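Top to bottom, those sequences are chains A and B.
All residue numbers for the first sequence refer to my numbering, where the first residue is 1 and numbers rise by one.
All residue numbers for the second sequence refer to my numbering, where the first residue is 755 and numbers rise by one.
FYI, nobody ran anything at the bench for these hints, they're computed from the structure.
Please read these numbers as outputs of a predicted model, since none were measured by experiment.
Among the hints, erroneous ones may be present.
[What the hints assert, rightly or not] In the DMTMM-like style, the derived pairs of lysine to aspartate or glutamate whose C-alpha atoms are separated by at most 25 Å in a straight line are:
(1) Lys1090(B) x Asp259(A)
(2) Lys1085(B) x Glu445(A)
(3) Lys331(A) x Glu445(A)
(4) Lys842(B) x Asp416(A)
There are 2 protein chains.
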Amino acid sequence: MLKIPKKIPLVVLIQVLLVLGLGGQDRPRLILSAAGVENIRGAEGAAPLFAEVLRTTRAEVDAEIAQGIFVPVPRDMAGGYSHERHKKNFFILQKAGNLYQITGAKKYAVYIRELFLRYAAEYPKWGPHPTQRSYATGKIFWQCLNDANWLVYASQAYDCVYDFLTPGERALLEKDLFRPLADFISLDNPQFFNRIHNHSTWGNAAVGMMGLAMHDTELVQRALYGLPNDSIDPNTLDNDGGFIQIEGQRQAGFLAQLDYSFSPDGYFTEGPYYLRYAMTPFLLFAKALANNRPDLEIYAYRDSILQKAVWALLHQTDAQGQFFPINDAQKGMSWKAREVVAAVDIAYSDFGRDPRLLSIAAEQGRVLLDDSGFAVARALAQGLAKKFRPPSIAYRDGAEGQKGGVAIVRAAGTSDGELCLVMKYSAHGMGHGHFDKLSYSLYDEVGEVVQDYGAARWVNIDQKGGGRYLPENQSFAKQSIAHNTLVVNEASHYEGQVKLGEAHHPERYFLELAGEAGQLVSAKERHAYPGTELHRSLVVLEAPSFPNPLLIDVFRVRSERENQYDLPLWFTGHLLSSDVDYVSSTQRLAPLGTAHGYQHLWREATASPGGQSAQMSWLSHGKFFTLTTATQAQDEWILARGGANDPHFNLRHDPVFIQRRRARSTTFVSVVESHGRYDPVSEIPQHPFSGLHSVTLLHDTETHTVVQIQTLAGEYWTLALANADAAPESPHRVEVDGEVLHWRGPYLLQKTTS
Amino acid sequence: MLKIPKKIPLVVLIQVLLVLGLGGQDRPRLILSAAGVENIRGAEGAAPLFAEVLRTTRAEVDAEIAQGIFVPVPRDMAGGYSHERHKKNFFILQKAGNLYQITGAKKYAVYIRELFLRYAAEYPKWGPHPTQRSYATGKIFWQCLNDANWLVYASQAYDCVYDFLTPGERALLEKDLFRPLADFISLDNPQFFNRIHNHSTWGNAAVGMMGLAMHDTELVQRALYGLPNDSIDPNTLDNDGGFIQIEGQRQAGFLAQLDYSFSPDGYFTEGPYYLRYAMTPFLLFAKALANNRPDLEIYAYRDSILQKAVWALLHQTDAQGQFFPINDAQKGMSWKAREVVAAVDIAYSDFGRDPRLLSIAAEQGRVLLDDSGFAVARALAQGLAKKFRPPSIAYRDGAEGQKGGVAIVRAAGTSDGELCLVMKYSAHGMGHGHFDKLSYSLYDEVGEVVQDYGAARWVNIDQKGGGRYLPENQSFAKQSIAHNTLVVNEASHYEGQVKLGEAHHPERYFLELAGEAGQLVSAKERHAYPGTELHRSLVVLEAPSFPNPLLIDVFRVRSERENQYDLPLWFTGHLLSSDVDYVSSTQRLAPLGTAHGYQHLWREATASPGGQSAQMSWLSHGKFFTLTTATQAQDEWILARGGANDPHFNLRHDPVFIQRRRARSTTFVSVVESHGRYDPVSEIPQHPFSGLHSVTLLHDTETHTVVQIQTLAGEYWTLALANADAAPESPHRVEVDGEVLHWRGPYLLQKTTS
């Protein structure tokens, strides 16, 4: 392995390499390796899934080659012709490169050469993309981000045909296309390149991978360490309302991304939807560095942060493999995405061959057309896969793990099912962050039970705002009321201001993932509303009495002033019934409020539950659910639905149940129960009714809260929480109705006789 | 086979049989046969699916036996404890009977004996069910229908343990339980037993099957031929608003059901949801008759009407095997239902072993635990299955096939997909009929594209009106506006009156299922609105130019007076965009109207498309669709949504697009186009935009209508219809814009150069 010394001028270096003939040796070497190719050729029979991918990729690329070469003048937004054509070009380039190496068929190299030469002829004529809609407008695409995508894939194709091209062709491509493109997205767009963000990760990888492919150490240096002086105005915003610069954080480049994008556990502050997107440049550039700059020991960097990030990504999925839509995220994205295929294959081949990854690869049903994909496919054929069963886990947020986090609690119950609770008490998450401190979402084995709205966006669908974030993303999807968390006085957390949100974060109060009767996560938020403290404890209770785990939600709020508190529950499915009489707006609908997302909700019904335990039940994807909640005398219940003030039908018309209370300090206590099934084929409801009699708040002070759950079978469950001292060994004593509870640590959860 | 002479007094007959020892011979013989049991025993290995059913049924019944015997005092509606318990009892009785015969294990016979004896001890104490909510209140259940279900299953169990019981036990059961129950649902409830209806089919089968099991010829006679004199008031209604008696129709009993329930093609006038339900008693009683009364040649009866009915049932399903929700029907019911498992297995074993039935059995994944299920499972194991590919087909309605019908048009296009059009021009369909003359619904390979609402009912879900039809079924789901058909002056067809609806029916005008370019169905309705003629022609156009078949809809209406016409399109999914500017009700919603279902629609937006071709597109389950329609200058477009005047949240909040026009005679022309896909995992839209430029009504007179479709690729398609003469050989000549069209027969469909 040749070590390239830093600081040698580029031209000299290229000349040296050409003289040494190194440009023509040991290719491919960027992602594919010469040895890997040797290993694959003729051995596809031992890896049927790989052989299948090889076959379909050949068919796809052959069809493209037959159609000819199209390099349209850039014009369209995502979804439009020029955008989709250039996007297809880079995917096909990369595939054709790998096919050339693996099959040896020259037509693939010829195609790549022709397409590259056409780009090299056209690119110099193009100015900035005419749309001018991005904070960092690209040339091939409407944003630099997509230009960077192009370069990441093109660099791999270039590496694969490097030896096939003449030195003259290479010089031409590098001079007229690759180097100018790399300079454009870095030197010319520091606001894109020089920041800690998934966009910049793509930018860094693009410049670095092409640098490695070209043997251009200057580009590699730039990619690794960023631009030394970027002169970015600290108040610059990106298209999502995020700040380009993070206060007190002045490093940039790929290594800085590794340092600052992840918590020490591998959690990515934007959430899994964007982590998935960022994983491609992280892993591809890392693999290219591992292949070409072993001195960096990039896989071991920061205590193997990339390996942790891959697992963090896989853990943030429901039972269907769909990512939790934390922050801006389009629902439906899953570990079947191409980026996750790449992550799983590279993690398997390069991070210790964990056999659980193979079971995911089997569900993905495809592998990368390279060494790592071949390794996975061969291992699958050897029957080495082990089932991936994600455990309950809590991730910290923040580069040093000091900014709250996300807890994922999974419980199976006695049936075949799963209940998965996601509680979010993380940092804001930059421009894609939502104002949903202490929110939760709930999943079962078939999908969403209590939903997070996700983003108001149809990614790449031109008819909906060009496929970009829609206005309703800001006005609704990011607002607190669009989430399952407390909203005070109809205003979002942190006034809906990114700057305020970025400045603070909740604190985890305590965590118990191995409790005998249940798993608990508790967190506090002191800054979302000045002078008001929010404290939520969520408990997943498993016991033989319940066929499915119960979710207990204790949401305390402390304030000196009287406020209006709204606690929304975005249940999925169809309302069945309630034991509270509600008055429906049958003849007229009006919005629930005027701002902070309330303007997007139609008020459909209201009720006065009175001071007692009350229930509401619903049916969702063939399952029965009931909310049982301890109400207070003046409480109001609201049933609302999305879709108001939505002139272009951008929002889903989903139902929401809201508990409203005027109070100073108060505590909301609710239980969500999954208790039965219904199949329209058998038409026989199984356990359609709640098994609970009531939920009662027995005791609530600054120091302790005690909740009781009574079942119809006559069982009593007591949950006691220490509100001000989470130390594991602290003793606690509370007297409730003449009975004394003693326990140690932040909670007590037990079945009692009465 | 012993022929039992009619007219011998019962007591004498029983004594004769006992003397002859025939009560103890050749059992089982009702559904199971002694020879069949012999055939099965020990041969389960040759039929793995049967062995699996045997295993799971044993486990299920063993678990029930372990729990003990429960015969609660009848009290609850469907969904409640006593209802569900008695329902479970009859299912388990039948299973235990078959298990006793197939395994020889006595515990099953003991269980049946105990349970029957308990019923015999309790039944005489029970009066009519306390609910009194049915037009025919039962004793065990809230309606006689469920009591009949009980007897159909119990008769099979009784047959299986007949020899196991002592003569004294048999005499007791027959005297205290079976005979009184059979008399109750027939003699005591003629309005239930003596009519042409799915309820009565159950009643007939119940009485007849128990009659066969008991060797009680009087019961068998009653079941076959009905009660001779029922004194039913001709104006009596059932719970669904249907008339008990059909005018001019005085026969009843099982043979009359076979004569009058089906058209000569096997179409069942209530629709497939109820045909599925009725198939069980039809086939079980028929099989019992085939086994015990071969003299009747019941399978050959009426030109093998039962065999035709089974195929009609299977044809009325979408690509997922779900039944078209024609008339009252809960969506999601499919050929996986137990009734269809029974139909497929009996049809396979008794109606000529059609191997296409085996492919459905394979998808069902279960078989009957009897001779026929064994035959299916063994044939599956032998690899005899052939794929069932339902063709386009048209069914006639009415006992003599003279009352309109239903056309099912299927087309595959050049992609993997399917487009399936269901056009309904049938008779009213009795109490479960909807007022939707000339309506259509549209399906693709994954589900609904243009939906029929189905019924407003959650079958058996107690929280929703006790699981019965909800008030909104009458006020909305049955009304014309809830369907894809023309509504005149905001009033439903036939004023929403069953009596008027039953008196008339549309006429098929012409049908072409083998056209070169497309399949066409055309029908006229003259009575839904007095003085107004409705004439709809639907065309499924397949051509290489279109990746998916197009649906062309030409809806002509003739009237002397000016009317308001509304043509709803119940598209499924989410509105994407329109080339017509619409004004949304962003701050306030009000109902679209006051009656005939309009009171249940919120008006969300309106538009004035102007006199041109206009488009609206939507995304549904990952696919893009566009409606292109020829508008007129004063047309109004309305976007609305279900849910108004729905105080108990009984309705789905589905969107609907309505074209509104004030005119005398006029013609609506629209095209529904499926043109692309989107997957949230790849996030790449494929063909997101319509391929059509415009749809134009070129010519429209009393005799001829000419429509032109122009594609963006510059193709022109011409559809010409003869409106007053459907004779296949009649010559037609129309001059349009100086160009002359010549053709023979009711239509011309061709691609033209301009």
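Checked hints:
no.: 1; hint: Lys1090(B) x Asp259(A); result: violated (55 Å)
no.: 2; hint: Lys1085(B) x Glu445(A); result: holds (23 Å)
no.: 3; hint: Lys331(A) x Glu445(A); result: holds (16 Å)
no.: 4; hint: Lys842(B) x Asp416(A); result: holds (23 Å)
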